[in-house]
Amino acid sequence: MAAGSAFAAKSVDFPFPGGVGEREIATGFPGKGAMVLQRTRPPLLETPFEVFDQGVFTPNDRFFVRWHYAVIPTSIDVESFRLNVHGAVDKPLTLSLADILAMPGRIEYAAVNQCSGNSRGFFQPRVPGGQWANGAMGNAKWTGVPLKAVLDRAGVKAGAVQVRFNGLDTPVVAGSPDFMKSLSVDHARDGEVMIAFAMNGKPLPLLNGFPVRLVVPGWYSTYWVKMLNDIEILDHPDENFWIKTAYTIPDTPHADMKPGQTGVPMVPINRMVPRSFVTNIREGAKLRLGNPVTVRGIAFGGDSGVAKVEFSGDGGQKWETAQLGKDEGKYSFRRWEAHLVPRTTGVQALMVRCTNTAGVVQPDTPNWNPAGFMRNVIETTHVSVL
Amino acid sequence: MTIRTVAGVLLGACALAWPLAHASAGAPPAPALRSVSVQLPVSKRMFPGGAEAAPANANCLTCHSAGMVLNQPSLSKATWEAEVKKMIAVYKAPIAEKDIAPIAAYLAATKGTD
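In order, the protein sequence lines correspond to chains A and B. Anchor point for the first sequence: position 160 equals 160 in the numbering used here, and the numbering is continuous, going up by one each time. Here the numbering used here = 1-based position in the second sequence + 1000.
Worth flagging that the hints you see were computed from the coordinates, not collected in a lab. Hints should not be assumed to be uniformly reliable.
As the list claims (entries may be wrong) - For lysine-lysine, the following PhoX-like pairs were computed, each having C-alpha atoms within a straight-line distance of at most 20 angstroms:
| id | chain 1 | residue 1 | chain 2 | residue 2 |
| --- | --- | --- | --- | --- |
| 1 | A | LYS91 | A | LYS148 |
| 2 | B | LYS1086 | B | LYS1044 |
| 3 | B | LYS1085 | B | LYS1098 |
| 4 | A | LYS244 | B | LYS1044 |
| 5 | A | LYS202 | A | LYS141 |
| 6 | B | LYS1044 | B | LYS1077 |
| 7 | A | LYS244 | B | LYS1111 |
| 8 | B | LYS1092 | B | LYS1111 |
| 9 | B | LYS1044 | B | LYS1085 |
| 10 | A | LYS244 | B | LYS1077 |
| 11 | A | LYS10 | B | LYS1077 |
| 12 | A | LYS318 | A | LYS308 |
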């Protein structure tokens, strides 16, 4: 079966600087509807941007997909699946799904899951990696048990420093470093980090990590380990490739540096930063002079809530505060809406800017780093006023 | 933010379904979890260009489909060479020393900036 070619109804052409933005729309992936095909094996599937105009929750069958290694179990037996908890603990655990479902203290909240490299295709100069446009993100209501409850049951030993997560996916070639991610013990025990078994009230699609995945609200998706089957409590800092080398950012404001700059200290990527998008007006759309239009979109605060969204219809000269939609929780997408009466003909730049509740504002110049991480520049949509 | 919390409820015989009727008030319900079995699509896409593309086709399709490489932007020859060497050093790609230069040359010629 050829994903994409045989099933593609259409394609998109992302306006990446320097091109190579054309992608097929694929429908051949299990549990998934029409998705932007970034890579077939292992699957990298992007959410078509129009989905974000339909509501603040991203449907499971349109939620982006991102795997590193191609050996992904295609069958999961819910009776025999086990989650192992071991390492620096008093009592190692082997939990079945029934054990996890039976645990007290179940929690549920909305949270944005965003790839560290979301929007990488817009970096200038371009950088290697998954060439995503803006759709490597989604918002869902996650249901599960707090990681803390599982760690407390195992009894984390004094002196433990990190908790490392591993899933069922494995590399094709022996010797490739297994994909594992770690959090500090304190973060892992904050009561919010979750072992999730439901996404928008439904089981997770296999490609989003069935039967359970980690949810680390406010942090980039790289930590949200899918098909989570192993939790190891470490008494030393994790030095594995996926923490120490991959997924690191310059330790500078906005994770920004100059191309070719050397000697920049690097740290593991961590908290998300605010972003906002116009979702109902496309780049290049035509508007009529004097005709009022409602401009709407989504915003998220990153590691805290949305305090304010501002909209500019004149390329950033004047900003007005947008009206915010229902608050679904501080880690969720939030709707915003503004009104615009085009007053000048020609090409106009619509801009949107989010400030989070910690006071962090989207910057007006794009950041750059060699891995293409953490883009959150103010987005601009050009329209023609006729 | 709103985090809904619930007290634990004893699980019934139906191990992996959460009987809604038994859940305490305010409990976020869990869907029944059923075993799944799926098939993932395969890609038949090859690196274009005949003989020139042969080393890439022989060495670059083991771990990921061609889209990983073909969807990359134009990159400098040095970057392409570094990518091939990264595949060997980090992911242990079994690529012969003699194939590195031809692969980097092919990628620089078809997707290069210099």
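Hints, verified against the model:
With a C-alpha separation of about 15 angstroms, the suggested pair A/LYS91 and A/LYS148 falls inside the 20 angstroms cut-off, and the hint holds. Between B/LYS1086 and B/LYS1044, the direct Cα distance comes to roughly 24 angstroms. Violation of the 20 angstroms bound is thereby established for this hinted pair. For the hint linking B/LYS1085 to B/LYS1098, the alpha-carbon distance of about 12 angstroms falls within 20 angstroms, and the restraint holds. A distance of roughly 34 angstroms separates the Cα atoms of A/LYS244 and B/LYS1044; the hinted pair therefore is violated under the 20 angstroms criterion.
Distance check on the hinted pair: A/LYS202 and A/LYS141 sit about 10 angstroms apart at the alpha-carbon level, within 20 angstroms; holds. Taking the CA atoms of B/LYS1044 and B/LYS1077, the gap is near 26 angstroms; set against the 20 angstroms cutoff, the hint is violated. This hinted pair does not check out: A/LYS244 and B/LYS1111 have alpha carbons roughly 30 angstroms apart, beyond 20 angstroms. Proposed proximity of B/LYS1092 and B/LYS1111 is contradicted: the alpha carbons are some 24 angstroms apart, above 20 angstroms.
A distance of roughly 25 angstroms separates the Cα atoms of B/LYS1044 and B/LYS1085; the hinted pair therefore is violated under the 20 angstroms criterion. For the proposed pair A/LYS244 and B/LYS1077, the alpha carbon gap of about 27 angstroms is over 20 angstroms, so the pair is violated. Of the supplied pair hints, the one linking A/LYS10 and B/LYS1077 is violated, its CA atoms being roughly 33 angstroms apart against a limit of 20 angstroms. Under the criterion of a C-alpha separation no larger than 20 angstroms, the hint pairing A/LYS318 with A/LYS308 is consistent with the structure, at around 15 angstroms.
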